[in-house]
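Kindly generate the complete structure, drawing on both the sequences and the hints.
There are 2 protein chains.
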Amino acid sequence: MKAYHVAIAGATGAVGKEFLRLLEERNFPVASLRLLASSRSEGQVLPFRGEAHTVERLTEQSFQGCDLAFFSAGGSRSREYAPAAVRSGTVVIDNSSAFRMDPQTPLVIPEINPDDLAEHRGIIANPNCSTIILLMAVAPLHFKWPVRRIVVSTYQAASGAGAAAMRELITQTEQVLRGNLPEPSVFPHPIAFNLFLHNSAVGPDGYNEEERKMILETRKILHDDALQVTATCVRVPVLRAHSEAINIEFRNAAPSPDDARQVLAGFPGVRIVEDVAKNRFPMPIEASGGNDVLVGRIRRDLSHERALEMFVSGDQLLKGAALNGIQIAEELIRRGSL
Amino acid sequence: MKAYHVAIAGATGAVGKEFLRLLEERNFPVASLRLLASSRSEGQVLPFRGEAHTVERLTEQSFQGCDLAFFSAGGSRSREYAPAAVRSGTVVIDNSSAFRMDPQTPLVIPEINPDDLAEHRGIIANPNCSTIILLMAVAPLHFKWPVRRIVVSTYQAASGAGAAAMRELITQTEQVLRGNLPEPSVFPHPIAFNLFLHNSAVGPDGYNEEERKMILETRKILHDDALQVTATCVRVPVLRAHSEAINIEFRNAAPSPDDARQVLAGFPGVRIVEDVAKNRFPMPIEASGGNDVLVGRIRRDLSHERALEMFVSGDQLLKGAALNGIQIAEELIRRGSL
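Quick note, the sequences are listed as chains B and R, same order. Residue 1 is where the first sequence starts when you use our numbering, and the numbers rise one by one after that. Residue 1 is where the second sequence starts when you use our numbering, and the numbers rise one by one after that.
One or more hints might be untrue.
Said to hold, decoys possible - Straight line, CA to CA, 16 Å or less: simulated EDC-like cross-link-like pairs of lysine to aspartate or glutamate:
#1 R:Lys2 to R:Glu330
#2 B:Lys17 to B:Glu51
#3 R:Lys278 to B:Glu209
#4 B:Lys144 to B:Glu111
#5 R:Lys17 to R:Glu51
#6 B:Lys278 to R:Glu209
Hints were generated in silico from the structure; no laboratory data involved.
The structure is reproduced here in structure tokens:
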């Protein structure tokens, strides 16, 4: 079996560390591994398969001899270094938003639109975490019963803003429990025992960037520009799994909850969690650390005859980020195109 | 000015204590005060206007000579004792769900349907907290631009399940920060750094009781059985303010966000919080302890030409419970019917 020279750009971040862990856990065919980060993290040592790997500074020369690079170092670093990586002959799987809406860059969830990989020109974009978790629950239904409109409200974990934001949630919570005022630094507002609208810029139409990503990326991934989406994105004091309340209106008659449940249960990467007697449905602490997106509370919408309601939770760092990226690479290998 | 003999049933609970505090803060015309609770809390001493009041055991005889009783001791105690209070000539303002859907019991938010008070037969029901907070933002628009359908997702605080649930959120959070597993006792699932679907029974249609309350109470309060409502109710690790993401579809053309904002800004009990530059919108920590329901993120729904989106936060114990109850009593006095 062929093995690959792999780089991780942003290796010391919350997603970067999950890339590293997953490459080992999934026995990814790694011939050599290069860990890259900003000069601030240069020299850090991270273990991979029992060996110490020293983090190097990310430069335009970092990718020579690399077959594959996972980027998770923010949009500006992706814009700066991904083209250089591509020129070096490296296939880039980019977790940032830099290239997601570029018409020449495929935006891929491997369970949903793997064939889009065929058209890549060196960069493949990993969708936004909230979009991935949404579509893992919506696309399996959409393929069978076309969806007309989605109304989604999110309950997003601190991890989406990185490792420092996860630490801030813990630190602030300790401050509040000691009777002190929380001191926001990563987030614009206190996150301990609080919630706030997603901390991305609000545009002239009143939608913030995270909401806009969910709308535009959904259409691109499902190849359906007529699909209507509205989203309200909210940060909640949860560490690393996003949840979403999803209202799905179908173009034609809605499937029964049982039919929807059956289709979702058969979809790879989805797990139904619906124990009515124990009032147990998808929860972030159960989604955290797992590969599956949990789906439950599937019910007919009492307010609309062509709609269903459901609730989902998925690990933001795994299926929402690193796992999906690794799965893209695995799919490229399966297709013989890496 | 006439003063009233007042009782609080459930005086030692989270809502009961807010009733007590608000009666003092708002200088309610109290001639005498009787604090009632279960035998477990009998003998506790609570201050009111600088005097110690001893909690008595709630019995059928507790209401003799009382003009007005605030009930917040749970549905079964309301069903058991409210009729006895009414027989004693006491007007009951009941914070439980026991009588809310009784056709002979008015269900009142004083800013919205005060005229329904005229028809009371001794008991007036205080709506569910999530319903009050929803309708404070929806009704002002509905009066001017009739609403056809509401899709709401809630972010509900621990206080809705009482003082013990608020303590459980704190205690569990301390446990988790010490590296221990959280131990749920009031809630069925861990609440620290987690969230879960509202802990009320799920019916055959897949909706839980809290969601059903939001649907049915909305129609009763707005006198509009054609109004379509769907809700997903979720508990989040927040202490005492509920938030809600609300999608409102109008029967005819939607108002512009500016027109909606202007109407809401002029409605008593509503405060607009919309600072786009600072990314500051309604948050539970800003709603907590305040009387106003905070409304923001008012925007055209990009997915539906006749819909608006908005986000609200309101103190669950105040406008969601005790404050609304006191306002009902104040409105009765204003109308000369107490």
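We went through each hint and held it up to the structure:
Between the alpha carbons of Lys2 of chain R and Glu330 of chain R the distance comes to roughly 12 Å, so the proposed pair stays at or under 16 Å and holds. Distance hint between Lys17 of chain B and Glu51 of chain B is fulfilled; the C-alpha atoms sit about 15 Å from each other, no more than 16 Å. At roughly 15 Å between alpha-carbon atoms, Lys278 of chain R and Glu209 of chain B fall within 16 Å of each other, so this suggested pair holds. Straight-line distance between C-alpha atoms of Lys144 of chain B and Glu111 of chain B comes to about 15 Å, which keeps the hinted pair within the 16 Å bound.
For a cut-off of 16 Å, the pair hint linking Lys17 of chain R to Glu51 of chain R stands: about 15 Å separates their Cα positions. Among the hinted pairs, Lys278 of chain B with Glu209 of chain R is consistent with the structure: their alpha-carbon atoms are about 15 Å apart, no more than 16 Å.
The earlier numbered hints are all upheld by this structure, with none contradicted.
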